[in-house]
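Participant: Please construct the entire structure, taking both the sequences and the accompanying hints into account.
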Amino acid sequence: MTNYIKSITNPKLKLEIFTPAEVKKIHDATLWIIEKVGVKFPSQRALDIWAANGAEVDRDRKIVRARGELIESALKKCPPVYPLAAREPNQDLPLDGNHVFVGTDGCGVEVIDIQSGERRISKLQDVVDIARIADATEEIAFHWVPVSAQDTPPQTRGLHEIKAIWENSTKHVQTESIYSVHEAKAAIEMAAMIAGGKEALRKRPVLSLMQCTASPLGHDGGSIDAALLAAEVGLPTGFMTMSACLTTGPATMAGTLAVGNAEVIAGTVLLQLAYPGAPVFYAAAQTASDLRLGAYTGGGPEDFLFGAATNALSDFYDIPLSMGSFATGAKEPNWQAGIENSLSTFMASIAMSDMLLGIGFLHGSRIWSFAEMMMDCEIFSIIRKMMQGIEVNDETLALDTIAAVGPSGHFLAQKHTRQHMHDLFMPQFMDRRPYSEWESKKDNASDWALAKARKILAEHQPDPLDPKLSMEFDKIIEALEG
Amino acid sequence: MHEELFQKMAQSIIDGDSDASTALAKESIAVGIPPLQAITDGFVIGVNTVGDAFGRGEAFLPELVMAGEAMKAAVAVLNPELKKQGTERRMLGKVVLATVEGDIHEIGKTLVGTMLGSSGFEVYDLGVDASPDKIIGKAIEVNADIIGMSALLTTTMVKQKEVIETLEKEGLRGRFKVMVGGAPITRDWFKSIKADGYSEDAVGAVRVAKQLMGVE
Numbered sequence: 008m009t010n011y012i013k014s015i016t017n018p019k020l021k022l023e024i025f026t027p028a029e030v031k032k033i034h035d036a037t038l039w040i041i042e043k044v045g046v047k048f049p050s051q052r053a054l055d056i057w058a059a060n061g062a063e064v065d066r067d068r069k070i071v072r073a074r075g076e077l078i079e080s081a082l083k084k085c086p087p088v089y090p091l092a093a094r095e096p097n098q099d100l101p102l103d104g105n106h107v108f109v110g111t112d113g114c115g116v117e118v119i120d121i122q123s124g125e126r127r128i129s130k131l132q133d134v135v136d137i138a139r140i141a142d143a144t145e146e147i148a149f150h151w152v153p154v155s156a157q158d159t160p161p162q163t164r165g166l167h168e169i170k171a172i173w174e175n176s177t178k179h180v181q182t183e184s185i186y187s188v189h190e191a192k193a194a195i196e197m198a199a200m201i202a203g204g205k206e207a208l209r210k211r212p213v214l215s216l217m218q219c220t221a222s223p224l225g226h227d228g229g230s231i232d233a234a235l236l237a238a239e240v241g242l243p244t245g246f247m248t249m250s251a252c253l254t255t256g257p258a259t260m261a262g263t264l265a266v267g268n269a270e271v272i273a274g275t276v277l278l279q280l281a282y283p284g285a286p287v288f289y290a291a292a293q294t295a296s297d298l299r300l301g302a303y304t305g306g307g308p309e310d311f312l313f314g315a316a317t318n319a320l321s322d323f324y325d326i327p328l329s330m331g332s333f334a335t336g337a338k339e340p341n342w343q344a345g346i347e348n349s350l351s352t353f354m355a356s357i358a359m360s361d362m363l364l365g366i367g368f369l370h371g372s373r374i375w376s377f378a379e380m381m382m383d384c385e386i387f388s389i390i391r392k393m394m395q396g397i398e399v400n401d402e403t404l405a406l407d408t409i410a411a412v413g414p415s416g417h418f419l420a421q422k423h424t425r426q427h428m429h430d431l432f433m434p435q436f437m438d439r440r441p442y443s444e445w446e447s448k449k450d451n452a453s454d455w456a457l458a459k460a461r462k463i464l465a466e467h468q469p470d471p472l473d474p475k476l477s478m479e480f481d482k483i484i485e486a487l488e489g
Numbered sequence: 284m285h286e287e288l289f290q291k292m293a294q295s296i297i298d299g300d301s302d303a304s305t306a307l308a309k310e311s312i313a314v315g316i317p318p319l320q321a322i323t324d325g326f327v328i329g330v331n332t333v334g335d336a337f338g339r340g341e342a343f344l345p346e347l348v349m350a351g352e353a354m355k356a357a358v359a360v361l362n363p364e365l366k367k368q369g370t371e372r373r374m375l376g377k378v379v380l381a382t383v384e385g386d387i388h389e390i391g392k393t394l395v396g397t398m399l400g401s402s403g404f405e406v407y408d409l410g411v412d413a414s415p416d417k418i419i420g421k422a423i424e425v426n427a428d429i430i431g432m433s434a435l436l437t438t439t440m441v442k443q444k445e446v447i448e449t450l451e452k453e454g455l456r457g458r459f460k461v462m463v464g465g466a467p468i469t470r471d472w473f474k475s476i477k478a479d480g481y482s483e484d485a486v487g488a489v490r491v492a493k494q495l496m497g498v499e
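In order, the protein sequence lines correspond to chains A and B.
Its first residue numbered 8, the first sequence is counted upward by one per residue in the working numbering.
Its first residue numbered 284, the second sequence is counted upward by one per residue in the working numbering.
Please note that the accuracy of each hint is not assured.
[Stated by the list, open to error] Derived, one-sided and incomplete: chain B residues facing chain A with beta-carbon distance under 10 Å:
hint	residue
1	348
2	388
3	394
4	403
5	410
6	437
7	438
8	441
9	467
10	475
11	479
12	480
13	487
No lab work stands behind these hints: they were computed from the structure.
Here the structure is a predicted model, which means the values were calculated and not measured.
Note that the Cβ used here is the ideal one computed from N, Cα and C, for glycine as well.
Facilitator: This is how it looks when you write it as structure tokens:
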């Protein structure tokens, strides 16, 4: 059984968040940062690649400074369009600038148990359950590793996680939790087995890798080496900046955009210098830190603006964007969660970010909630409906029907109404019941959302992964666990 | 006698002005104010003022951090003079701080170090990617009261546990209080590895460290 995937496409709404001159100014600032301040690459291999291409490399401090021409010429080699492949080819996702696809968020450390409602440390079974529910959910187009499988060994955890997702869903897997060479090699081997060999994998990458930068202006050595391995075999690879106003970026938003852009662009250029034409994407989840505690906020007006602003940058470089949205800082599904997840996702969607992340989390991507997961899907559906805008033509103006009804009539019994009633949005989790019915039950959206998640988990049977592949994956993982 | 100078010292901390606090520290030595008095009657007043304002919700994190940096700058000037005179500033305790092995994410840990330093702790910051041996070795070397460890990755936070287990194995567990922190660190994790202190942010970390030292 395969599911239709809901995406935003052919949007009618749009937003100009920057003038072209403003984008250029941020780009110029970025080049200045990379050339004058430099970016840290704590990887021997990365430093060698930069040095071989004429960048100035400070081996002791592991800082690279590169001229604008080197950066700009390498960026031209990034492919603007490519697909994220799924185990089921009908679910391949074209990253073509005309689609917004949503994925789950990652990589949380706690889960609100789907049955007991208790908050507890996340386990492999949670990865399984979330993958299975996501597989059956039309709004979810691809997977991140949603929570950390903390009951598996740290050195192979990332492999247990992607295996669990592949075994429970046919949709594309983008992992953000593989950041070492030994795990990246094994993950590539596993992906190649699913695709039918290394060459087939290059054409249909069933796995993509997302690496976090180390803001400000740094990268993690393991992440960089893992990204280079992925780029070598043609797996889409992206660098995500989470540079935040006040702490890992300047208090000003433009400055924080420039810092994050320098991190992402320097990482992207490294991959193009090593493997020209490798599929790459831009990734970001920028926000402002809390003024009192310095804490990660996961929402707020700055967060929402970053959602649209980053897409202006990735469009300028003509590479797909994976944008953090949803992922509220709220502690439970509530007013704050509704505001933050709606506005962040609306702003990232109206800018046509290719991939959106963040479904399912509370407390700034730390605590997984199955109810929030389902409600976030509804938020996406609402925004998707809004992005379609208002169609204006003879059929939608419905003049014949208006004339037939005339003054003081109603439209409920009209043929035109029957034809178009399903153009209207039908929510799953909004309370439009009579007041007395609510008063007698006092239930709400989170109750219904949780019930839906439980129902899917009880009933949905994903297309299984070939058991032979599962056994091969076990062997690969066991070999590393020694 | 030097009332105006003391007021200026406090103000330099409130303003978070390291240049001014450095200059005032030098001036205090030149006019013969005992360095310990410069700290307690001058600079510390500023630290407390900012801390109190923060507590009332009137000051924000950058102001706390800048006050901490200005304090550090003044103390750096006064410390050699303190040593020369054979006097010592009474500290609340010694803290060895580190981001654990395999992890390079240290911004939160560095912030904790600044806050502890300005609150009267002597801080030894080992930076990032610090092995259990390195952390424990330093704690023994400086006779630390507290070991503080941060981790950002779920795969590296297990190193916090390893350090505590090593301390136990080597019969050193009773000698040091252990504090843990970092984005993936939860109260459950803190309890499961039997650490002594845990905070979700840098301001809270100072409170926890003081509790562990039996102050406040």
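Participant: Give a verdict on every hint.
Facilitator: Each hint tested on the structure:
1. 348: holds (8 Å)
2. 388: holds (6 Å)
3. 394: The hint holds - residue 394 of chain B has a Cβ within 10 Å of chain A, the shortest such distance being about 6 Å.
4. 403: violated (21 Å)
5. 410: With a closest approach of 13 Å, the residue 410 of chain B hint is violated.
6. 437: Cβ of residue 437 of chain B sits 4 Å from chain A, so the hint holds.
7. 438: Hint holds; residue 438 of chain B Cβ to chain A Cβ min 4 Å, cut 10 Å.
8. 441: holds (5 Å)
9. 467: holds (4 Å)
10. 475: Result: holds, 8 Å to nearest chain A Cβ.
11. 479: violated (20 Å)
12. 480: violated (17 Å)
13. 487: holds (8 Å)
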